[in-house]
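**Q** Residues per chain are reported as follows:
4 protein chains.
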Amino acid sequence: MASKTPVGFIGLGNMGTPMAKNLLRNGYPVIATDVFPESRKELQDLGAQVFDTPAEVAEKADRILTMLPSSPNVIEVYTGANGILKKVKKGTLLIDSSTIDPAVSREMAVAAEKTGAVFMDAPVSGGVGAASLAKLTFMVGGVKEEYQAAQELLTCMGANVVYCGPVGTGQAAKICNNMLLAIGMIGTAETMNLGIRLGLDPKLLAQILNMSSGRCWSSDSYNPVPGVMEGVPSGNNYQGGFGTTLMAKDLGLAQSTATNTKTPVPLGSLAHQIYRVMCARGYANKDFSSVFQFLREEEGHLPSVESRALPRGSMCM
Amino acid sequence: MASKTPVGFIGLGNMGTPMAKNLLRNGYPVIATDVFPESRKELQDLGAQVFDTPAEVAEKADRILTMLPSSPNVIEVYTGANGILKKVKKGTLLIDSSTIDPAVSREMAVAAEKTGAVFMDAPVSGGVGAASLAKLTFMVGGVKEEYQAAQELLTCMGANVVYCGPVGTGQAAKICNNMLLAIGMIGTAETMNLGIRLGLDPKLLAQILNMSSGRCWSSDSYNPVPGVMEGVPSGNNYQGGFGTTLMAKDLGLAQSTATNTKTPVPLGSLAHQIYRVMCARGYANKDFSSVFQFLREEEGHLPSVESRALPRGSMCM
Amino acid sequence: MASKTPVGFIGLGNMGTPMAKNLLRNGYPVIATDVFPESRKELQDLGAQVFDTPAEVAEKADRILTMLPSSPNVIEVYTGANGILKKVKKGTLLIDSSTIDPAVSREMAVAAEKTGAVFMDAPVSGGVGAASLAKLTFMVGGVKEEYQAAQELLTCMGANVVYCGPVGTGQAAKICNNMLLAIGMIGTAETMNLGIRLGLDPKLLAQILNMSSGRCWSSDSYNPVPGVMEGVPSGNNYQGGFGTTLMAKDLGLAQSTATNTKTPVPLGSLAHQIYRVMCARGYANKDFSSVFQFLREEEGHLPSVESRALPRGSMCM
Amino acid sequence: MASKTPVGFIGLGNMGTPMAKNLLRNGYPVIATDVFPESRKELQDLGAQVFDTPAEVAEKADRILTMLPSSPNVIEVYTGANGILKKVKKGTLLIDSSTIDPAVSREMAVAAEKTGAVFMDAPVSGGVGAASLAKLTFMVGGVKEEYQAAQELLTCMGANVVYCGPVGTGQAAKICNNMLLAIGMIGTAETMNLGIRLGLDPKLLAQILNMSSGRCWSSDSYNPVPGVMEGVPSGNNYQGGFGTTLMAKDLGLAQSTATNTKTPVPLGSLAHQIYRVMCARGYANKDFSSVFQFLREEEGHLPSVESRALPRGSMCM
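Protein chains in written order, with this note's numbering: chain A, 2 to 318; chain B, 2 to 318; chain C, 2 to 318; chain D, 2 to 318.
Same shape as in the complex, but just chain A (with noise of 0.2 angstroms):
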């Protein structure tokens, strides 16, 4: 075990502690940054070497993973001024795990190839929960050489390591199944409630479905109405899960990379909006699920309010 290689982890936040904590469990020693004192701290207490700058860490590690919130931070870490980059070593194998535009993830590859080191995109999928249990999945993108050496590391905080392709496809699988994600989620929570409105209990709509050719993941894992399922977010008003501005955020990745390669998307278009709308109106840290009930009626605004207005109202267009 003593003679593993150091390994470099760059963004201690909520996954990534857990990440590099995994990393030591199996006897690699952890070479580690983050903008935050405390979080260094609290992986120095168990026995990673800590520096200030991810340029630092390029100086003591040939294997790297960084896993940071956007697309500037990667930026800045890989090639700011105290950026990986500026002091990276030939033959360097540079992990990012981070959830980015896979353009942004392309650039770094070809400023990574000037410097001789091989940069490749991991994005997760799964939470801080999967993080800690190594039940990750990760999605890889970049050159077939090196994955070998990617996977080796990567199975030690996940319990899927997936090959996708050339350096970005890590990332389009990711924004792809997110918004797949967030549009079946969406027609989950408009069908239950139009199905509740109807007449049919939640519960028996939820099963028919599931039986069924509307069956997919959010509703028959993670129903967003509450009393269906157990142990997700909607039974626990929508606290924890995945908040509706990361799923915003991911959204915007996707129209982004639609935008640019002119792809018409035009359910994952709308999915965008109406979480940028619930952001908006103060949905913001609620799990994504919360969607079921933002586009229930409020209570004081029932229908039968409204249709004794009508013949009140005050002015025709």
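Just so you know, these hints were derived from the structure itself, not from any lab.
Any given hint might turn out to be false.
Same chains, same label: a pair holds when it works inside one copy or across any pair of copies.
With a straight-line cut-off of 27 angstroms between C-alpha atoms, the simulated DSSO-like cross-links for lysine-lysine are [to be verified]:
{"id": "1", "residue 1": "Lys145", "residue 2": "Lys42"}
{"id": "2", "residue 1": "Lys61", "residue 2": "Lys88"}
{"id": "3", "residue 1": "Lys204", "residue 2": "Lys136"}
{"id": "4", "residue 1": "Lys91", "residue 2": "Lys204"}
{"id": "5", "residue 1": "Lys87", "residue 2": "Lys204"}
{"id": "6", "residue 1": "Lys61", "residue 2": "Lys5"}
{"id": "7", "residue 1": "Lys87", "residue 2": "Lys115"}
{"id": "8", "residue 1": "Lys5", "residue 2": "Lys263"}
{"id": "9", "residue 1": "Lys61", "residue 2": "Lys115"}
{"id": "10", "residue 1": "Lys87", "residue 2": "Lys5"}
Given the structure is predicted, the values throughout are model-derived calculations rather than measurements.
Following the hints, put chains B, C and D in place on chain A, whose structure we already have.
**A** Here is chains B, C and D on its own, set in the frame of chain A:
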């Protein structure tokens, strides 16, 4: 003046009452009814003769106007147990100014024809103010031969009377106008919001749009952004005006006619959904230009909060 | 077997004929009618007794199934001049397997009740193949007391019979399922198209989605991309399957019920519009998974052409 | 006249060439370049001095206009190896009339500032005809102090010059206008189509809209229905005008800025998707008002066919 024959009037709501008053002002004896006794009383005090049911009005008048909130009311008033058609005299001219599904107008026309009466649809544009000042616009559908007789009455209540074609085309014109109005209003609200976010002064942006190809009634005559124009609901916390719930009702009619005629109306359909969600989220009684407010960021949910939240999100999907 | 009482069957189309045959196979004497003489003849040759009108069927049978294309046909067959209700016997069980507006089902139930008969709605899921093999799914709405009697007949024709609640809830369940199906299908088509544009192999992308939260029936059982799955319409130039025009019809029903109950269904509504545009653009008779083809770039209109055209555009708005 | 200092002009396409000609006509010596030699030649024959690269133009002129197709071209022309900023003189006024992402305009302004030059964005509204007749509208963003100097040149080429605010606000105004234009156009097309289906005469419907609250530039100045107006592309099989592909590009810019600023633009977003699908379905080079044609029923796919097909459909989902 004394020789004018009486006119029946059924439906004495916010719109119907000032319309009936204008008939009285023009010297027509009015024979009226409404489901609410206090509404009947108000008109009786002004000199109208009032009865309990539409059937009784039909016995006394050979020209009858109806102004009702929605299709089911129209069906009841015409074909119900105490409806007009139970007692209508041959040759009676029936003019319905309600905004309803054109298919219902056509049904009423067929039913009226069986009794020897003639039915025309004549929905109005303009609000309570226009109704009081006899400045309404009427869009009239029905047999051409009867149009002149209808016009004689309608000009007492409106400034514009437009013949649109066969029965139902008055409704069609009204529905079409309001669908395009809703699209223009939401489009204006989105555009103004985007421009403001991009650093443009709202008044300047409105000016630029209004001298360019983005110009529309909602941008130049009813701007939804507070402070851009005077004398419109956006300057008065979206009080008064044309309620979101009424717009949602009209868009529901547009959607139904589009569905029945297999006509694609993608933006009209989305506009309908947006106003429907607004009704569910507490905007039912605000003016329909409040869509600007609905799309704006709420205080306390500013973008900066969101971006800070991102790196610490509890889950990646 | 000989003691079984006869069953009426009205509507001998592509679905009704194999359903009626399964009743015959199970030993039920069948008393049938259809507007097309050749359809009547086909069933007569198999041992059914045939009549000219629904009223005559109603005189002979005290359990009657109907399988008709749309609401107006159902209204005619039940309440028309030669309709079932003109001659129906007290206590007759009427089961309608057509897919129609639940409001019409409720109307029929009220009309039936006045004659002393009982009406249930029992729309089906599954195609002609499932109808022939008695593998349909029935979603049944109506009074609970009569469900067992209905179930006895329906199990001769289907593999699953689900009790959904009061009259109309069978339709509600069917409409809800198909709305979510349409959303999932278009979403899958968009997502697969986007992924392919971003460089992913379609089979690999489908695999990734199907093991992740993007999974849905359209991605894992009916994938719309040619070459990804076998035995589905996408592998056969979108022949057979479930026609775009039929999906558009079901989405029209979903839209109407949503409008009538003031339920926001933004994605369902947009899905309806997309299938409506597809009908207008030549896809009416292709399987509904052809939305993938509809969204793809046509040959000769590749993005490169577009970007070359840009600098020489004749007009800026 | 001879004392006027020379003006640089880069980008001699359909728009740039007539703009540069108007500078010549106003007595300004023009120093120009373009990637196409034939475009350079055309201007040279009219008296301009031409060079091979933007850098060479920058050496000779202290006021430079650029008119380029999209963001990447602008980045190349300003910051590329032979770009303006390689040789620009201190105090040079750079005016970019391309329609691009305002964020790119701001980047160019920052880059220009480092060299001591001043950058302004000044996108245009109006087509080739307006460019020839010097009737363009310019929307100008940049430091107020330099506006007067810019205005002096722009008034040679346009009838309206509007100061919008800091750098990027010219682009913002342009993008906002075109997004609202697209929404109004599709809305008008849907509305006119629906009205025609409901039995209204198209000319009459346009008249009614134009005197009512549905009025917009697309209904009253550029009606998309053939036969309603003269002198617009709808009367000429949608030839000429403003191509669908150009509108799709502008909507892509609107979408990007909305995504980046987290602004919900539901109708703008759907309009983008519709024009994107149209590009994929063969409408790329038709005027953007051809959305009316796109939404119409094709011959041979009339509704009646559909309803006949229904009872014989091969599958129910």
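**Q** Which numbered hints are broken by the structure, listed smallest first?
**A** Failing hints, ascending: 1, 4, 5, 8.
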